[in-house]
Amino acid sequence: MKHALYAGVALAACAMSSNALAGQLTAWVIDGDSEKPYFTQLEETFNAKYGAEGISVDVVPIPSYNDAIQAATLSGGLPDVIMLDGPNMASVAWAGTIRPIGDLLDPAIIDDLLPAIKAQGTYGPEEEFYFVSPYDSGTILWGNKALLEKAGVRIPTGVEDAWTQEEMAEALEKLAALPEVEWPLDVKMNYGAGEWMTYGFAPFAQSNGGDIIDRETWIAEGTINSGANVATLTTLQDWNKAGYIVPASAGDNKFYGEKTAALSWVGNWMWPAHREGLGDDLVLIPPPAFGDAGPVSANGGWGWAVPSSSTNLEDIKVFLNYAMSSEQVAAYADTTGYVPSRASAIPLSETYGAGGAGEIFAKLAECCAIVRPVHPAYPVITNAWATAVVNVLSGDVDVKAELDRAAQTIDQDIADNDGYPPFGQ
Amino acid sequence: MRIRTKGQAQEWAMLLPALIFITALIVVPFLLSVWFSFTDQRLVPRPIPTKIIGTTNYERMFVDPLFWQAIWNTVLFALIVTPVQLGMSLGAALVLNSAIPFRSFFRAIAILPLLLPMTVIVSIWAVLFRIPSGPFNAVYQWFAGQGAYVDFLGNSSTALLAIVALSAWATFPYQMLIYLAGLQDIPQDLYEAAKLDGAKAWQRFRYVTWPGLRNVNIFLLIITTVGALKLFTQVDILTKGGPNGATTTIIHYLFKQGYSTQKVGYASAVAVFFFLAVTAIALLQRRFLKNEGEA
Chain A
1 MKHALYAGVA LAACAMSSNA LAGQLTAWVI DGDSEKPYFT QLEETFNAKY
51 GAEGISVDVV PIPSYNDAIQ AATLSGGLPD VIMLDGPNMA SVAWAGTIRP
101 IGDLLDPAII DDLLPAIKAQ GTYGPEEEFY FVSPYDSGTI LWGNKALLEK
151 AGVRIPTGVE DAWTQEEMAE ALEKLAALPE VEWPLDVKMN YGAGEWMTYG
201 FAPFAQSNGG DIIDRETWIA EGTINSGANV ATLTTLQDWN KAGYIVPASA
251 GDNKFYGEKT AALSWVGNWM WPAHREGLGD DLVLIPPPAF GDAGPVSANG
301 GWGWAVPSSS TNLEDIKVFL NYAMSSEQVA AYADTTGYVP SRASAIPLSE
351 TYGAGGAGEI FAKLAECCAI VRPVHPAYPV ITNAWATAVV NVLSGDVDVK
401 AELDRAAQTI DQDIADNDGY PPFGQ
Chain B
1001 MRIRTKGQAQ EWAMLLPALI FITALIVVPF LLSVWFSFTD QRLVPRPIPT
1051 KIIGTTNYER MFVDPLFWQA IWNTVLFALI VTPVQLGMSL GAALVLNSAI
1101 PFRSFFRAIA ILPLLLPMTV IVSIWAVLFR IPSGPFNAVY QWFAGQGAYV
1151 DFLGNSSTAL LAIVALSAWA TFPYQMLIYL AGLQDIPQDL YEAAKLDGAK
1201 AWQRFRYVTW PGLRNVNIFL LIITTVGALK LFTQVDILTK GGPNGATTTI
1251 IHYLFKQGYS TQKVGYASAV AVFFFLAVTA IALLQRRFLK NEGEA
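Protein sequences, first through last, are from chains A and B. The first sequence begins at 1 in the working numbering and counts up one residue at a time. The second sequence begins at 1001 in the working numbering and counts up one residue at a time.
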């Protein structure tokens, strides 16, 4: 069935990308409800602006995006421009499916990108630029002001006065004592053992001086199972045992629906639901400083890449620079609710500009975001870490043993792939 | 002689479409899996060539504790869900085969679970299992008092049983329909004769119905077992194999290895092992349970 599906998608891919006419570009984009209006706008304004010069783009939202990309890669039917999810970029670049785009993008645009967005697009020991995202995402502690005030908990307002680990533990204890609070902290255990566990939990480890792999040697042993990480996950495990963390089976809405959780650690995509549920009681609290490294936020998302098979580079260059112009980046943010990826676009955004409700997200994206490891072994790295996090938060397991197993899984995969050359050479 | 050759050609021509599909979609992929299981094949293309690595995948598989946990969970699931589900199906079929009022209406109701995709059923059951006050816990609180609850899916000792309950309910109507057909196949005069001999309801079931369902039972036992061994969707949506591996099944383990971490070679080794194990179980069942009329 799956093969039949691939064959079907591949055929469609060939049909759609066969217009190799000069000036006519095809871009595949993700098929999301919140992104759709932006892409329609992008296609219309680009064609209006460059139509006279004979350049036009067909922006095609593709359902089952990852399957379609995989099928089109195998059948050689990729279009001129594609979108990729940030953490997957390295394995696609390693496979040779996409080409560097540093020569296609205006250097001023690259300079203007937020640091972690630049890091997300930079691949390999040669540090070449392969991928550019128009937006950034981030994690934050969302709070219920009424409950926090009732418990007498200090509400930090900026990155500078973020909670320390001890302060957060104290806050959780106070909040747990309130009669209306069931479990004080929702960390979205209901998302399951997937990418969230890396996206959402690596920042705690990084804030405490840890990481999930050594980004110089690309060895996990000694980093993912470091003392810092054991301490971080043990703290989270203790919080879970103390009944501070909303269990997976409790559903998604304890914070914004039932309001029996006072804090929620989750990304900016929950903003509309939180705003609707809590109204004026919603406060945005910076990530806690688990250790000396200070607050850390997650980052990254979908962005533009150019398949190695693309030939129409001059026109692609025009398109990429248009899609990454400050105005377009700001438009992407305001349409979808994500943070603009260019420093110069942030003031243009209603939400994230100075005084905007999401100013703190923009600040976090600039100061405190750490990109997920840009390495072809990322699928294995994230899976091993996510498994360990979920196991640690599911019961009374030995934290060190879980992280040791993760280290072994990752290092074995890297060894199996000869170190993923040219990495590790 | 000529006629016979012509007849054979026709037979082959009629078999051909099925043979092509079975070869292309089952035999060839399986042979490929066998081949991949001795290599370090990856899901996505890569710049270093795929190598033959002998039995490394199998050696790693046999020393991975999670693999053995997956096997144990799968076997346990099949051992529990098969009798539970067949019992439910037979019970429902017996009721719906008797002369109850509104029989057609109840028959229609009973097959409703079959009309829903498994993903929908799982989402509904996820709500039923909710803590602290989902419908199941509301019932539990009736007995155990306010504030008490069981985290059915979040507890290693109850998670697999919760999935058994959900799975048995979700697919029992299929077996029920086959039982219903089997029941209607049993000649009425046998029941009449039994009644004349003074057989009570239980005796009629024990000596007429049960032997009459022999072939149906064998068929259902095999397909229910094989179906149970393939458990995946419920686990992937509800627990992702957790908590702490308590609901990891072979297929879920295989999926994580082959898709999430892209190790197709390793996943192929798991698939080959799984195929051989399921085939062996089905053959054993056939060996020990002979159909009516077979020697």
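Simulated from the structure, these hints should not be mistaken for laboratory data. Ideal Cβ positions, reconstructed from N, Cα and C, are used throughout, including at glycine. Heads up, a few of these hints could be off.
[Said to hold, decoys possible] Where chain A lies over chain B, by a calculated footprint (3+ residues, C-beta under 8 Å):
no., region
1, 1044 to 1058
2, 1220 to 1227
3, 1253 to 1263
[Claimed, not checked] Just some of the chain A residues that point at chain B, by a computed CB distance under 7 Å:
no., residue
4, Ala95
5, Gly96
6, Pro100
7, Gly102
8, Pro379
[Unchecked claim] If you anchor each label on the Cβ, the simulated ranges turn out as follows:
no., chain 1, residue 1, chain 2, residue 2, range
9, B, Ala1108, A, Asp31, 31 to 39 Å
10, B, Tyr1140, A, Gly356, 28 to 36 Å
11, A, Glu53, B, Leu1115, 38 to 46 Å
12, B, Trp1035, A, Ala52, 52 to 60 Å
13, B, Phe1232, A, Leu74, 44 to 52 Å
14, B, Gln1188, A, Leu74, 53 to 61 Å
15, A, Pro272, B, Val1075, 25 to 33 Å
Results for each hint:
no., hint, verdict
1, 1044 to 1058, "holds (count 5)"
2, 1220 to 1227, "violated (count 0)"
3, 1253 to 1263, "holds (count 5)"
4, Ala95, "holds (5 Å)"
5, Gly96, "holds (6 Å)"
6, Pro100, "violated (15 Å)"
7, Gly102, "violated (20 Å)"
8, Pro379, "holds (5 Å)"
9, Ala1108(B) with Asp31(A): 31 to 39 Å, "holds (37 Å)"
10, Tyr1140(B) with Gly356(A): 28 to 36 Å, "violated (47 Å)"
11, Glu53(A) with Leu1115(B): 38 to 46 Å, "violated (55 Å)"
12, Trp1035(B) with Ala52(A): 52 to 60 Å, "holds (56 Å)"
13, Phe1232(B) with Leu74(A): 44 to 52 Å, "violated (24 Å)"
14, Gln1188(B) with Leu74(A): 53 to 61 Å, "holds (60 Å)"
15, Pro272(A) with Val1075(B): 25 to 33 Å, "violated (45 Å)"
Comparing the model with each numbered hint stated earlier shows that hints 2, 6, 7, 10, 11, 13 and 15 do not hold.
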